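Asker: Sequence:
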Amino acid sequence: MTTSYPSDVAFTPAVKAIQAQKGSREAYARVEEGRGWNTEITEDLAEFIAHQRSFFLATANAEGQPYIQHRGGPPGFLRVVDSHTLGFADFRGNRQYISIGNLGENPKVHLFLIDYAERTRVKIWGHAQVI
Numbered sequence: 018m019t020t021s022y023p024s025d026v027a028f029t030p031a032v033k034a035i036q037a038q039k040g041s042r043e044a045y046a047r048v049e050e051g052r053g054w055n056t057e058i059t060e061d062l063a064e065f066i067a068h069q070r071s072f073f074l075a076t077a078n079a080e081g082q083p084y085i086q087h088r089g090g091p092p093g094f095l096r097v098v099d100s101h102t103l104g105f106a107d108f109r110g111n112r113q114y115i116s117i118g119n120l121g122e123n124p125k126v127h128l129f130l131i132d133y134a135e136r137t138r139v140k141i142w143g144h145a146q147v148i
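Quick note, this note's numbering runs 17 ahead of the 1-based positions in the sequence shown.
Note that these hints are calculated values from the structure, not bench results. Certain hints may be false.
[Said to hold, decoys possible] Mimicking DSSO-like on lysine-lysine, the simulated pairs with C-alpha atoms at most 30 Å apart in a straight line are:
hint	residue 1	residue 2
1	K33	K140
2	K125	K140
3	K33	K125
[Said to hold, decoys possible] Just the calculated beta-carbon pair ranges, DEER-fashion:
hint	residue 1	residue 2	range
4	R138	S41	10 to 20 Å
5	N111	A46	39 to 49 Å
6	T59	P92	11 to 21 Å
Here the structure is a predicted model, which is why all the values come from computation and not from measurement. We put the beta carbon where it would ideally sit given N, CA and C, even for glycine.
Based on the provided sequences and hints, a complete structural model is requested.
Answerer: Written out as structure tokens, the structure reads:
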């Protein structure tokens, strides 16, 4: 039986093979079997998100070509809607609409949040839709 872990989104078979080759696979396997990665927004994560002034949003088009864009606003502009949902206002930018166009073809996203002062970062994989 093959066990599925939340980390499988990042640790693909190819990544796991490189980890094994480079000597880090065993340590990450223990993480997966133990606490693993969160699949819900915890209270601590919600608090971290509430204080963010910016994050990076990665999307990809139907062919898989990635694109990353900065999103910023006052603390609280990125909001926790529920334990599996975030929301934010998409302020007018350069009017290229690449992220929105990509989401129309491919709903997969990655958010990268950084608190530079505290040297803390959070990576969130998910699916997005424009409403």
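Asker: Now, for every hint given, state plainly whether the structure supports it.
Answerer: Going through the hints against the structure:
With a CA separation close to 19 Å, the supplied pair K33 and K140 stays within the 30 Å bound. For a cut-off of 30 Å, the pair hint linking K125 to K140 stands: about 13 Å separates their Cα positions. Our distance criterion of 30 Å between C-alpha atoms is met by K33 and K125, whose separation comes to about 21 Å. At about 19 Å, the beta-carbon gap between R138 and S41 stays in the expected band of 10 to 20 Å.
At roughly 43 Å, the beta carbons of N111 and A46 sit within the given window of 39 to 49 Å. At roughly 19 Å, the beta carbons of T59 and P92 sit within the given window of 11 to 21 Å.
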